[in-house]
Structure formats: C-alpha cells, structure tokens
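Throw the hints in and build the complete structure from the sequences for me.
Which chain is which? The protein sequence lines are A and B, in order.
Position in the first sequence (first residue = 1) + 1160 = our numbering.
Position in the second sequence (first residue = 1) + 134 = our numbering.
If you are wondering where the hints come from, they were derived from the structure by calculation, not from laboratory data.
Cβ atoms here follow ideal geometry from the backbone N, Cα and C, with glycine treated the same way.
There are no misleading hints in this set.
With a straight-line cut-off of 30 Å between C-alpha atoms, the simulated BS3-like cross-links for lysine-lysine are: (1) B:K176 with A:K1201; (2) B:K156 with A:K1198; (3) B:K156 with A:K1201; (4) A:K1169 with A:K1196; (5) B:K192 with B:K176; (6) A:K1182 with A:K1213; (7) B:K191 with B:K205; (8) A:K1196 with B:K176; (9) A:K1213 with B:K176.
Derived coverage of chain B by chain A (criterion: at least 3 residues anywhere in the stretch with Cβ under 8 Å from a Cβ of chain A; other residues may be distant): (10) 171 to 180; (11) 237 to 247.
Which chain A residues stay away from chain B? Per the calculated CB distances, all over 10 Å, these: (12) T1167; (13) L1171; (14) M1175; (15) K1178; (16) E1212; (17) K1213; (18) L1214; (19) S1219; (20) R1223; (21) S1225; (22) C1228; (23) N1230; (24) S1231; (25) H1239; (26) A1240; (27) V1270.
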Amino acid sequence: DTEVTQTPKHLVMGMTNKKSLKCEQHMGHRAMYWYKQKAKKPPELMFVYSYEKLSINESVPSRFSPECPNSSLLNLHLHALQPEDSALYLCASRGTEETQYFGPGTRLLVL
Amino acid sequence: GENVEQHPSTLSVQEGDSAVIKCTYSDSASNYFPWYKQELGKRPQLIIDIRSNVGEKKDQRIAVTLNKTAKHFSLHITETQPEDSAVYFCAARRARGSYIPTFGRGTSLIVHP
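Here it is as structure tokens:
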C-alpha cells in the first residue's frame, strides 16, 4: 500500500471555528510532513515529524497546531484562521528512501 | 539554503512534440532531484528522480539529465500527449542528511491535441 490518505477532502470554516485535518499512512514511514499549497505554486513546507517528534516548524503561525498521535497518523488543528489561509493542505510521508508520497490534500476555504 | 530556479513558467506544445523543462540549483551538496507532476485538483506525484552519481535516467517517454558541474537538471518528455498537460515541479534535496526538498516554482505544460 503506497497511499497516503487525508480527510476531509474539502473544508469550509469561519474565522472563529476550530477544525482538524487528518492524515494517515500505513507504509511504516517514520517521517511525515504538512505542506500548504496555493494555486499553481509549489508546496510550502509547514511542519516535519520524524519518529513522531516535531523536528521542523517553518515559522508557522500558532493558529496551526500539528499533532502526531502515532506513527501512522498526523493531524493539523486549525483555530482562528484568516481568509489568506485558504489553500490546499497536503500531507506527505517518507520512508528510508528519499521519495515523498503525497496525500490527495484537503482544500480549505476560510470565510 | 538551497534555491531552485525553474523555467519556463508556461510551456505550450503540440501533441507529439517534445517538451523540455529546466532547473538550476544553488547548493552543490544537493544530491537528489525529483520531478513531480500535478494535475489540476490532484496531488503531486513523483514521475522520475535522479541522484547525483548518475548523469541521465530514462523511463519510457520521460528522461531527466543532470549536470553537476553547472548545477542544472532537466526534464525531457517526448511524444507528448494531452494527458501530459499538468504543472511540473522540479526539486532538489536541500542538504546532505536532510530529506526536505526545495521546489522550483513550477511549469504549466499544455499539450494541444
């Protein structure tokens, strides 16, 4: 199984809402990533988890809060987002090789 | 840190023509160069990659070449088909020991039937 899954596929939220994005992989990968992608732009790295510990935070605002409950799951908790946070949020994982496998993404709209 | 430049930003070709997308990188320690294809509304998918100990790699209609001295690498697609239309991103692995790719800005390839 070389698949990364993400839920939900689409999310609309107001600026006062709290929501969570979920990512799951069953490839035994120990590195997991959150990216933000705007239309026709490259993915922008947000967070990296390695062996369930946060190893990189690319100066992401605290309204985004990552969590790695176990080696297969990665969450991104959202609170008090701004309209400019509307984007495609991609999860990715990597095993012992360099290849990153991306999930299908969650398309987020903040109203 | 690593910087990856990608050109052109848009490439329009007729079906059956070849397409070439070029990238340059700045960090001479970068040693892994993947290419991703992203169709509209879908995830980036790895289509081919090359490591710095290899100068060229081919997979059917897709090939990648790497010039370490000049810090250039290129994607070549032959006999293009309409389903090749997508945004293509090159990337370079940022530094030795790090598995964080730095992406180019993307090339929107349009293949006209």
